[in-house]
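*Asks:* The primary structure of each chain is shown beneath.
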Amino acid sequence: MAFYFVQFLTGLASAASLFLVASGLSIIFGVTRIVNFAHGAFYMLGAYVAFTLTERFSGALGFWAGIVLASLVVAVVGVLVEMVLLRRIYHAPELFQLLATFGLTLMVQDLVVMIWGPNDLLGRRAPGFKGAVEFFGQNIPTYDLFLIALSPIVLGLLWLLFQRTRWGVLVRAATQDRDMVAALGVNQKWLFTSVFALGVFLAALGGALQIPRDAVHHALDLRIIVDVFVVVVIGGLGSIIGAFVAAVLVSELNAFGILIFPKISIILVFLVMAVVLIVRPWGLFGKQEAAARRTPGLTVNPWRPLTSGERLAAWAGLAVAAMLPLVGGNYALTVGSEIAIFVIFAASLHFLMSVGGLASFGHAAYFGLGAYGIAFLAKMAGLPMIVCLLLGPLLGCLGAAIFGFFAVQLSGVYFAMLTLAFAQIVWSVAFQWVAVTGGDNGILGLWPEKWAAGPASFYWLSIGVAALAVAALRIIVFSPFGYALRATRDSLLRSEAIGIDAKRIQWTAFVIAGSVAGIAGALFAYLKGSVFPDSLGISLSVDALVMVLLGGVETVSGAVIGAIVYKMLSIWLVSQTDLSKLVLGGVIVLIVVAFPKGIVGMFETLRNRRRPELPKPALLKSRIEGAE
Amino acid sequence: MSTAPTLLSVEGLSKSYGGVHAVRNVSFALQAGEILALIGPNGAGKSTCFDMLNGQTTPGAGRINLLGFDTTGKKPREVWRLGVGRTFQITATFPTMTVRENVQVALVSYGRQLFNVWASTPQFARDEAGRLLELVGMSGYAERPCGELAYGDLKRLELAIALANQPKLLLMDEPTAGMAPRERIELMRLTAGIAREKSIGVLFTEHDMDVVFEHADRILVLNRGSLIAEGSPEEVRRNPQVRAIYLGEGLVYDARHREGAPS
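Chains as they are written, first to last, in our numbering: chain A, 9 to 636; chain B, 170 to 432.
Isolated chain A, as found in the complex (with noise of 0.2 Å):
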């Protein structure tokens, strides 16, 4: 009994620093409605500060001195990240917001590895509770009985603040209308400023706060991000004290589930996760949010379908690709494969993304979810290969209409983070259940049969089924089923009005999609003869969004251009610089601010411009659409 006890407390402690990372996620999205995918950096950014500064100052004075001015030190990063990049971007749609912080992220982790080098680094115990209580034999760490007790005060402060303070009310009446407050002659800039500074500041502080507990390391940020998310999902996006009632329960669920179902703890997690969206969509502490902003607005540009013209031309390219192996050596070859095969991943994410508006930001779990069901057909039903490439993928498609019915119940971030949270879970399981995965060491020696063993037929099977992807995608564009997506995503009010079944047409939708990126990741895994849960991991669906906007969001071709441009970039960037990420990173950011259409959009905004101009006689019609 009184280990479970004990237990308990363990989850309780553990609750402290998720607590504070989430309220501030809520706090900055409550006002901003920014995700800030980078709480998790920060958060990162935290623990390492405190690191360096609680080794430099000594005593007990210079310990708690140090965790305070590193997460003072982290706001004030925060605050400039907020005035350079942030303030201008509130008003771009919410995936560009969602990937610019994204891509500060990435460039974060390699910043402190070029600081605080690769190694886990070990911090001071805390000064005064260094020792543990004993409890009927067993002993709590005094620290933990600190951050218990820490919690409910910052809790407290914080009602305090948002209750009882001038800044309190304005951000209260910022939370629920933000223009209004803005009319009201509040200057929101530094509102919003000083906002996104306090929730930078949780957010380290739950960082510093973890170095007596555990060891910093570089992959902190991504592990805490995706905890938060699954909190703020349960608790309620922009609710304190959602945060908080839901830290509590994932750090129990996280506590007990290790100790009662050891192999499928995380699966209970998503299991209450499920429960709590079925029955309260919006969170325990949520309120449905006003009608998502609409993600397209950067062009109004119908969509039409290849003029015979650009047919031919896509024939002519196609037919160039086929040449490849005339000319190019195996590298170039294996080169090319991959390429086609990101061309299809790229495709089915933009299906989703770009016709449906429901942006995954875990759209790699279907790409390796096909991947391992090559692996279990090839390697343990021993079928041949031809059965396996149209059995495999079924895997991605099943995983699909599971996770989906469930995200298609959300829409704009609640849907990212959610499809987010449902990737990791299967990447976890995936690195976990080391009995059928493997687990780190994957599973090895997929190669291909001998009809498509050598890098020229391959690359011929590869781009041969690219090419049937795209077209099929592309055909379902413009089918009426295509066409009732998009009606889903432009007006779910107008589309409710004219018979359409929105959620069971964006669930067809997001198993469709899966099903095209588990095919990617099937011929993924005899392109490398291996599968591991990288496959599966949060990088690869960032890779996939990136494909997506470099080329274009808002048009039908982008994602094959886009694919195309950035795996070639991104090869040759490995081959160049170790800094990988915080190149990748700044590419990320840069696109958001400065190029938000990509290149087929910029393209067509060109050729658009040679056109003689039609007249547009109600630019306000949008932002009368935005009021409703």
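Everything hinted at is true.
Cross-link-like lysine-lysine pairs, in silico, BS3-like; alpha carbons within 25 Å at most:
1. A:K295 to A:K511
2. B:K337 to B:K243
3. B:K367 to B:K337
4. B:K244 to A:K295
5. A:K511 to B:K243
6. A:K458 to A:K387
7. B:K244 to B:K337
8. A:K387 to A:K536
9. A:K589 to A:K536
10. A:K295 to B:K243
11. B:K244 to A:K511
12. A:K536 to A:K458
Hints were generated in silico from the structure; no laboratory data involved.
For this one, chain A is given, so just place chain B on it according to the hints.
*Replies:* Only chain B this time, still in chain A's reference frame:
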């Protein structure tokens, strides 16, 4: 009028939000081909009433019978399938599609082709979409991006979309809100013409009394959630309670009449 079949009958419809009774025990009926106006000052419960008829809001109490089916608490898309067209106070269209495509999507849905992944939508029911656009006077704009339309044209487009399922009943929430005076008259004249020709019942809410008294066959007056008067424009106009509550601001209306506006 009394021989025409009843399209819509509402009995004891109520809805409260917290302690506020937005709609209280409202009952009325609407016949095929009839144009019925629902008026009342701001906050009278018109929009709540509308949203319940359409399925946007679940009624707190009462029954809605539409074309012989009990549609109480049915979803908007199920109500639509029964043959109800809807336009919104603030237009809801698909801004990234062309005007014609906006109508085509509605036709796709009406033809139950939503899950067809093979056909080419730009070719789907092209002529039919063209006919609907012609009906509302939008033929010239068919290939324009919908996002570029002026507000009045968007209202017409919404009407074309609402007619795509060959509705027996049109629900129009403030069809002329936000339009210039001349456009208002024109749009309602167009709607009334189509409704009479196809014998479609129309229920609309409206703030512009000129529009209401010119086109409505019958008028329902809501105040604070309750129905306080019902009858022909003439009866409603003479009703002292209505004058007191609603047409207190009616000087504008009287003045217009002296100038010889049609009644």
